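Undergrad: Letter by letter, the chains look like this.
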Amino acid sequence: MPTEVVLPRLGLTQEEGTVVRWLKAEGSRVAKGEPLFEVMTDKATLEVEAPASGVLLRILVAEGGTVPVATPIAVIGEPGEAVAAPHSALGEPGSGDRAQPAGAKADRKPIEAKSGAEVSEEWSQGKADRREPWSPSQAGGNGPGRNAPAATPVPEPTGRVKISPRARALADAQGVDVRSLEGTGPGGRVIERDVQQAIAARAAAPAGGAQRPAAQGVQAAGSPGPQAAAPAPAAAPPPPVRQGPQAAPGPGPAAAPSAAAAKMRTIIARRMLDSLQTTAQLTLTTEADMDEIERLRSEVGPELERREGVRVTYTDLIVRAVAVALREHPAVNARWEGEGVRRLPEIHIGVAVALDEGLVVPVVRNADRATLAQISAAIRDLSERARALRLRPEEMQGGTFTVTNLGMYDVDAFTPVLNPPEAGILGVGRLHRRPAAVGDRVEIRSGMVLSLTFDHRVVDGAPAAQFLQRTKFILEHPYLLLLP
Amino acid sequence: MSRPVIETTPAPAATRVLTYAEALNEALREEMRRDPRVFVMGEDVAVWGGGGVFGVTRGLVEEFGPQRVRDTPISEEAIAALAVGAAVAGARPVAEFMYADFMGLAMEPIVNQAAKIRYMFGGKASVPVVFRAQEGAGRGNAAQHSQSLEAWFCHIPGLKVAVPSTPADAKGLLVSAIRDENPVVFLEHKILYNTKGPVPAGDVAIPMGVADCKRAGRDATFVGVHTMVHKALAAAEILAAEGIDLEVIDPRTLVPFDLDTIVASVRKTGRLVVGHEAYERCGIGAEIIAQVITAAFDALDAPPVRVCGENVPIPYNARLEAAALPQVEDIVAAVHQVVA
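Here the protein sequences line up with chains H and Y, keeping their order.
If you read the first sequence in the UniProt record's numbering, its first letter stands for residue 1, the second for the next number, and so on.
If you read the second sequence in the UniProt record's numbering, its first letter stands for residue 1, the second for the next number, and so on.
No lab work stands behind these hints, which were simulated from the structure alone.
Check the hints yourself; a few may be wrong.
Unchecked claim - If you want the ones that stay clear, here's a sample from chain H, every Cβ over 10 Å from chain Y, calculated:
id : residue
1  : MET1
2  : ALA52
3  : VAL55
4  : GLY77
5  : SER164
6  : ARG166
7  : GLY175
8  : VAL178
9  : ARG189
10 : PRO302
11 : TYR314
12 : LEU355
13 : VAL438
14 : ARG457
Stated by the list, open to error - On the chain Y side, residues computed to face chain H include the following (Cβ under 8 Å):
id : residue
15 : GLU242
16 : PHE297
17 : ASP301
All of these numbers come straight from a predicted model, not from anything done at the bench.
Every residue gets a Cβ at the ideal spot worked out from N, C-alpha and C, and that includes glycine.
Start from the sequences, fold in the hints, and give me the full structure.
TA: Dropping the structure here:
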């Protein structure tokens, strides 16, 4: 019996993926476990192995095609074996020929992307065709139906949304399409905060726009400035958007490399616009004297390289400094959750990595508990794999704070854009020699500007400034970085 | 009656700190002074040890005499049946069972007589009796002296069930139970007898069927009885440090049950954790969760979770006993689960 190859779910919140490249041609023989195709998910490209041995009888989704998770994308079987039309590759909705027996459909055209709604409708149609009602337990078995799904496990019919009753009630009341939501509850369940976030995003978007912010044009963000009482700058300067948000190109069968870039751009566009429209962010800057840390790096660096095999960079030192400062200032290691602030028990620091295709932010877990050498090794590994587009989706999730560095481009200071739902991001400017006042004398010393963008909903100006001040202090007294 | 009835003069509404046992004692004393039909009976309530194993009836025999403070033979069936008969005949007995575990011997008079007589006689007879007992674990009293059996009585139509967790609730609810025309199973907790709390002086009846919010919160609702209220308050402090705001509600009576207060809380928080020392299986937690789901399904943002005693006989060994009982960290973990 032929085996269906489905688009795998590679990240907890992944809804769809793009087939970047087929590594086997139709008609060629494949062995179980052999790399079969490359799929692009939330900013990562991964090789996927063949789920069975046999001949790649048919490719259902061409390179560049984007389909929902669990959609069949190919069929593996024995030479000459009849290929039953997989359920989600049946005729177009409304074509009226669903009742025909299997095999009658000779349509070999690879399918285009389908929305969850269409696939869902096909599921319910297929159910109506059968003598016995479909149940999940039949999904992997030898069901009697002509569409008997293959041995490859099909998690759930696409389009069925795992959602809490409370979230569904709120979505119904507010007219939010639950299929458009990304579940952040246990097991990917859509819960109330996900619906609230969608409502907030919609409120910030132009009237009459579509549900997904990514599908919307640029909107001049209103100035939701921090209110009164806070001892902070009265208004945030409008942060420049690093990558101009643009109407996202719809998923289409473009060529693979540009498909990957377009996909990443779509995600960046949505997230950056979302960040600027749904948070109250503003930026503080200060300058740190870097003479001491240069001395530390020149003295300790070679030792660490000799003993641990790691070459400590300034980014590693700054990530370590930020982690230590965050531990002392937990108010910054927090997020806004609908009705209040949630402080996060662990410190995971994202490190922005620029790629030709765009920007990714892999995460150093529990950075406050890692030694300098461990941080250095982790950042090297993550950034190397990021450049090879080989990060796993979960390695780019769960950050609580981000560090981003534009110093190599001679940028002094800038206004980084928050990486939601994080409440803080530290921009690192160039490290350079300049005249500085030391007592009453002028000396040539190294300096570096730190730019902290924070979410004023989560933390007020004074505590944010104290965190920045502490980070500066640690960088200026860098032997603190060597403490546990 | 051997002594003159002393009329209660409304005391100034002062508040003292009393133990749970002292608060119960005060309720008995004040009701016995107020109403000559009220009397107490049970094993060793009068003479031995000066007023019951836990001292709840201490000093009563000195004030009210042996006719109104009666030691009984060691027969729970006799205690319950005598109390039911006295209630039907016009007295207002408060019958004490030394351990709730022993009430199995008294189920016929409680379940088939006390709970049914008013119904069987078309309302022409009533049974204004209070069955007091203490339940719960935590003292190394082992499997036959540590159970929490409130679910048995909640199951029977015709019985009211009170489960106070604080001295003030203990006094106010016992006053209401004594004045109630229907049989009330009044379950105290042995660990709570020596806990202290503010108790208003004077006539402070707390109505049956009114829950009390012991701590307001916005992220999750905890509903629990007896020691679980106190453990939840401790858990709430731990959770508060993480930024999780737990609401703690004590229903105070399980029959009648104040569903409205709990549903209002769940509508606010979207999340429910229920706790009791009693065995989890078929415990009142299951009933509470079922009622909340039926009334407020669309308010729930996560599946409700129970934090209950293990489904095992309660061990004598202190470490095993602690392991069989729900603890503060179990509540913290359950709240993490529902707010995840």
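Undergrad: Indicate, hint by hint, whether the structure satisfies it.
TA: Each hint tested on the structure:
For MET1 (chain H), the non-interface assignment is confirmed: its Cβ lies about 37 Å from the closest Cβ of chain Y, beyond the 10 Å cut-off. Non-interface status of ALA52 (chain H) relative to chain Y is upheld: no Cβ of that chain comes within 10 Å, the nearest being about 36 Å off. In this structure VAL55 (chain H) is separated from chain Y by more than 10 Å, as the shortest Cβ-Cβ distance comes to about 45 Å. The non-interface label for GLY77 (chain H) is consistent with chain Y: the shortest C-beta to C-beta separation is roughly 41 Å, beyond 10 Å.
The non-interface label for SER164 (chain H) is inconsistent with chain Y: the shortest C-beta to C-beta separation is roughly 5 Å, within 10 Å. Not every CB of chain Y lies more than 10 Å from the CB of ARG166 (chain H), the least distance being 4 Å, so the non-interface label is violated. No beta-carbon of chain Y comes within 10 Å of the beta-carbon of GLY175 (chain H); the shortest separation is about 16 Å. No beta-carbon of chain Y is positioned within 10 Å of the beta-carbon of VAL178 (chain H); the least distance is around 14 Å.
Interface exclusion of ARG189 (chain H) from chain Y breaks down, the closest Cβ pair being 8 Å apart, not more than 10 Å. Look at PRO302 (chain H): its CB is around 42 Å from the nearest CB on chain Y, clear of 10 Å, so calling it non-interface holds up. Consistency note on TYR314 (chain H): stated as away from chain Y, and its beta-carbon is indeed over 10 Å from all of that chain's, at 33 Å minimum. The claim that LEU355 (chain H) lies off the interface holds: its Cβ sits roughly 32 Å from the closest Cβ of chain Y, which is beyond the 10 Å cut-off.
Listed as a non-interface residue, VAL438 (chain H) keeps its Cβ farther than 10 Å from every Cβ of chain Y; the least gap is roughly 43 Å. Non-interface call for ARG457 (chain H) relative to chain Y: holds, since the shortest CB-CB distance, roughly 14 Å, exceeds 10 Å. Look at GLU242 (chain Y): its Cβ gets to within about 6 Å of chain H, closer than 8 Å, so that hint holds up. At its closest, the beta carbon of PHE297 (chain Y) sits 5 Å from a beta carbon of chain H; the interface hint therefore holds under the 8 Å criterion.
Hint status for ASP301 (chain Y) relative to chain H: holds, with the closest Cβ pair at about 4 Å, below 8 Å.
The earlier numbered hints that this structure contradicts are 5, 6, 9.
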